[in-house]
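J.: This is what each chain is made of:
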Amino acid sequence: MSEEMDKQALLDEAFDSIIEADELRAMEVITKAEASGFSLEELLRDGFSTAMRELGDRFASGEVFLPELIFTSEVMKNVAATIDSKLDTGEVKKKGVMVIGTVAGDVHDIGKGIVASLVKTSGVQVYDLGREVPAEEFVAKAIEYNADFIGSSALLTTTMTEQKRIEELLEAEGIKSEFKTIVGGAPVTQRWADKIGANQYCEDASDTVNYVVKILNTETKMI
Amino acid sequence: MEKYFTRMGDGEGIWMTKEEIKEDVLKGMETAVLKGKSQPLESDEIDRLIEILTMPEKNVSVERGHEGITTFDAGTLKLCVRQAIPIDRSTAVLIHERVLCSETMELCNTDYSYKAIKNIAAEEAMAMEHAQMSCILPLFYGAMPNMGLYTKPDGPVDNWSELLPSGQIKEAMTAQEEAAKLCIKDMIYVGSALAEAGACGIQFDTSGASGDADAFAALSAAKVLSEKYPDLSIIIGMANEFNLGMHGKLTFEGERLAGQYPAKQVKSAEAAGAHNFGVVINTNSSRSFAWNLARSLTYVKEATRVAEIPVIVNVGMGVGGIPLTNTSPTDATTRVAKTMLELGKADGL
Chain A
373 MSEEMDKQAL LDEAFDSIIE ADELRAMEVI TKAEASGFSL EELLRDGFST
423 AMRELGDRFA SGEVFLPELI FTSEVMKNVA ATIDSKLDTG EVKKKGVMVI
473 GTVAGDVHDI GKGIVASLVK TSGVQVYDLG REVPAEEFVA KAIEYNADFI
523 GSSALLTTTM TEQKRIEELL EAEGIKSEFK TIVGGAPVTQ RWADKIGANQ
573 YCEDASDTVN YVVKILNTET KMI
Chain B
367 MEKYFTRMGD GEGIWMTKEE IKEDVLKGME TAVLKGKSQP LESDEIDRLI
417 EILTMPEKNV SVERGHEGIT TFDAGTLKLC VRQAIPIDRS TAVLIHERVL
467 CSETMELCNT DYSYKAIKNI AAEEAMAMEH AQMSCILPLF YGAMPNMGLY
517 TKPDGPVDNW SELLPSGQIK EAMTAQEEAA KLCIKDMIYV GSALAEAGAC
567 GIQFDTSGAS GDADAFAALS AAKVLSEKYP DLSIIIGMAN EFNLGMHGKL
617 TFEGERLAGQ YPAKQVKSAE AAGAHNFGVV INTNSSRSFA WNLARSLTYV
667 KEATRVAEIP VIVNVGMGVG GIPLTNTSPT DATTRVAKTM LELGKADGL
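Protein chains in written order, with the working numbering: chain A, 373 to 595; chain B, 367 to 715.
Keep in mind that the hints were calculated from the coordinates and are not lab data.
It should be emphasised that the depicted structure is a prediction, and the values quoted were computed from it without experimental measurement.
There may be inaccurate statements among the hints.
[Claimed, not checked] Calculated from the model, a selection of chain B residues having no Cβ within reach of chain A, i.e. all distances over 12 Å:
(1) Glu408
(2) Ile451
(3) Ile554
[Stated by the list, open to error] Interface residues of chain B toward chain A, partial, derived using beta-carbon atoms under 7 Å:
(4) Asp376
(5) Gly379
(6) Ile380
(7) Leu530
(8) Gly611
Quick reminder that beta carbons are idealized off the backbone N, C-alpha and C, glycines included.
Model the full assembly from the supplied sequences, consistent with the hints where possible.
T.: As structure tokens, then:
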């Protein structure tokens, strides 16, 4: 019972340290966990990462704002790096690479920027291609960066057809299966994703993070 | 079981049972209650909303006594630009007044941003004088704060949307504060020029589109103009149902702007001396019309409950529950209009 309480206290402390973006406190929790023989993987998964997901939800409902979220993600990045360095295992979760951009003819990039920021917080390397990005550039950069995900945003009914062009180009090159394509933007729906052959429609930044993390958690690689 | 024709948020026609519609109405309402801390709809209001959604008529109308005023933001863009009808803006104003029966109307430029208009403010002033010579309705001038235009390469300030993802938080906040200062200056300059040319009002359309600093700029300019021209009507129209926290720390008259939902947005508009508030709730393309309308109604009702100035609901493409399609279907637009006026207690559309 006491051990369970200690474990829960550690998880709570890890959770609170991220919510409060307190890096010093987070590092102390890691030290305490090590001293008591508590699994650092569990601490990361059920303590620190749970707090990041909570912050993502608070961001989605307008209770937490982008600068705070990005500041916290820097703390989280250092926490994850510290735990990674202490884990004595050859197998780690694949981190993932994403190229993201707003499609050609579309200058709306605030939403895309938020998605890029949030996906970064989950440890994925994100290459933001900017706005008005032609379909050819999405494909070329995805190949160049060896990306796992191609994220395209379209805010207009007149530009969402560019997302279809990305799928067509990937098919034509015979490399469709090498990437997970994610489409988003106000007029975009899962039905549109299904229609054009995209892997996933994501409604917002949190949704994108959840999808990316889910995919990465099912794929591991040896280092 | 009987099914009713309705739509998805992207305009696709679908058929739902009354039970399915009720389920979506409740879910849409709950979203607004949870996120916007709005009061839930009363059970008789929910029943009435479902009744409106399932009325057999293709188009519906308000009951006598529930009429509201109508106005048009981006006013002179509708016929002259979007419909490509080759008429001048004064004629467009008269068509809205004498054919479409609009109570008020907005004169605006194709380049719908205050920054762009400052270079042609004198020409816009002449257009206002010309239009005012022939129309009777109260004629406003309007444009967007569009604070993104002040960022490189279009303007002098660093782009916070690029700085934030790279972790340069302080720099991103400073950039927004600098852009807001420039934006406020331009809005006051253009607003003053048009007020002195005879505009009945000035509108700040799509306020907050670039985040909380964009909303801050609109409110700040509105405050200056409302004090400078006490007879000038000020309308603040929003961009979103909540102010996106791109800066996060900005306050106006003691209230933090980031994360404000309509009920708080309208109080900030009042504090700025605005006379009308244009509430905006974005439509979710992936949800049903029932879900979207219930969610929009819950936000609107909360805003009208606390507001001391008239609340005008934005009911165009992709807002207020109306599907996100190039041409808004009238089965949806008329239901939104009826709902917002009868149940939402909105003053106009």
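J.: Given leucine 530/B as an interface hint, is the shortest Cβ-Cβ distance to chain A below 7 Å?
T.: holds, 6 Å
J.: Checking the smallest CB distance to chain A, is isoleucine 451/B really beyond 12 Å?
T.: holds, 20 Å
J.: Does glycine 379/B pass the interface hint, meaning its C-beta sits closer than 7 Å to a C-beta of chain A?
T.: Cβ of glycine 379/B sits 13 Å from chain A, so the hint is violated.
J.: Once the closest CB in chain A is found, is it more than 12 Å from isoleucine 554/B?
T.: holds, 25 Å
J.: Please check whether aspartate 376/B passes as an interface residue: C-beta within 7 Å of a C-beta belonging to chain A.
T.: It holds, given that the least Cβ distance between aspartate 376/B and chain A is near 5 Å, below 7 Å.
J.: Using the nearest Cβ pair, does isoleucine 380/B come within less than 7 Å of chain A?
T.: At about 11 Å, which exceeds the 7 Å cut-off, the nearest Cβ of chain A leaves the hint on isoleucine 380/B violated.
J.: Against chain A, is glycine 611/B within 7 Å by beta-carbon distance?
T.: Interface hint status for glycine 611/B: holds (3 Å vs cutoff 7 Å).
J.: Over 12 Å from every CB of chain A: does glutamate 408/B meet that, or does the non-interface label fail?
T.: holds, 24 Å
The structure shown violates the earlier hints numbered 5, 6.
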